[in-house]
Amino acid sequence: MTFINYAAREINCKIVYYGPGLGGKTTNIKYVYEKTNPNSKGKLISLATETDRTLFFDFLPLDLGEIRGFRTRFHLYTVPGQVFYDASRKLILKGVDGVVFVADSQAARMEANLESLRNLELNLKEQGYNLAAIPYVLQLNKRDLPSALPVEEMKKQLSRKGEPVFEAIASKGNGVFETLKTIAKMVLIELRKGR
Amino acid sequence: MAGQDLVLHEEEFNKIRDVITRLRSECNAKLIFLVDKNGQQIAASGELESIDTTALASLAAGNVAATDSLARLIGEKEFSILFHEGERDNLHISVVGGRVILVVIFDERSSLGLVRLRVKKGSNELATILDVMMKKSAMPRKAAAGGSPFAEITDEDIDKLFSD
Chain X
1 MTFINYAARE
11 INCKIVYYGP
21 GLGGKTTNIK
31 YVYEKTNPNS
41 KGKLISLATE
51 TDRTLFFDFL
61 PLDLGEIRGF
71 RTRFHLYTVP
81 GQVFYDASRK
91 LILKGVDGVV
101 FVADSQAARM
111 EANLESLRNL
121 ELNLKEQGYN
131 LAAIPYVLQL
141 NKRDLPSALP
151 VEEMKKQLSR
161 KGEPVFEAIA
171 SKGNGVFETL
181 KTIAKMVLIE
191 LRKGR
Chain E
1001 MAGQDLVLHE
1011 EEFNKIRDVI
1021 TRLRSECNAK
1031 LIFLVDKNGQ
1041 QIAASGELES
1051 IDTTALASLA
1061 AGNVAATDSL
1071 ARLIGEKEFS
1081 ILFHEGERDN
1091 LHISVVGGRV
1101 ILVVIFDERS
1111 SLGLVRLRVK
1121 KGSNELATIL
1131 DVMMKKSAMP
1141 RKAAAGGSPF
1151 AEITDEDIDK
1161 LFSD
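Those sequence lines, one after another, are chains X and E. Residue numbers for the first sequence follow the working numbering, beginning at 1 and rising by one. Residue numbers for the second sequence follow the working numbering, beginning at 1001 and rising by one.
Just so you know, these hints were derived from the structure itself, not from any lab.
Distance condition first, Cα-Cα at most 27 Å in a straight line; then the derived DSS-like pairs of lysine-lysine: (1) X:K43 / X:K30; (2) X:K94 / E:K1135; (3) E:K1077 / X:K94.
Could you build the full structure based on these sequences and the hints that come with them?
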């Protein structure tokens, strides 16, 4: 749900990073935070446990500049990936404009990817959204690990609708901005269509 | 529909700002702001310089969302008010018209009783304005805004945002 403020001439959009626990969602937005010009970003808020596992959400506001005289702001959120935090995940999906699914490429995590993806589809549905209809990008993270599955096999199992797919090593920043730019563009294109 | 965009026009923005500015003075509060349930700030009034209002908006919305779920877990419809008491400053959070969040920050110059009383009155006024805002949001954008600037967005405009 994009928030268009004609009075302040601002567009605010919400992007949610979804995926299994320890897949690199927080690493993605931490990298964005580190590499973004200080004038274009707000504070990175992490509601995490003592061991740095996401407890509720991470939040990063980004200012992308002006488009047609409107300041364009993106609010990036991550969900807690661990299975038992499902109630929190549902809350964070409220009002979402675009979703990035961060999949863990390690063979041993494929089942967790699939479970998280099913959970995403279900939770979106509960909020009245349809994965097939909203801006959506798939990121295959941790491509540098020796146990990473072949890209084609991952796509076969995880791709849902011919969405853009990016290979990433979020800890080094590979693929992070490509993913973000693509989802942001898709959200703006959706905005152009109007509803 | 869940994907309904929220559109705030100048007219409603000015009305909202007037109400919260007056409410701030009636409450003797430091800061008042209005946030939608998804964490987007709608309007604010008061000593804004010292506070990261974007983060505050997001956290207030998270707080309300979590509290709503807690309420439903124990069979309550909602907890209509959240109050956080600090050593210097206090936070009073309430939901207006079931859809937006009113946050009041106040210190010893005011009191919880006064804030509760004034917020209750101000909320009714805000709810009326928000109704109009929601109705306009649901209208096709062209009719509501005298032509949507977004229909004209080109691929080039979008690429420009990501040029560096």
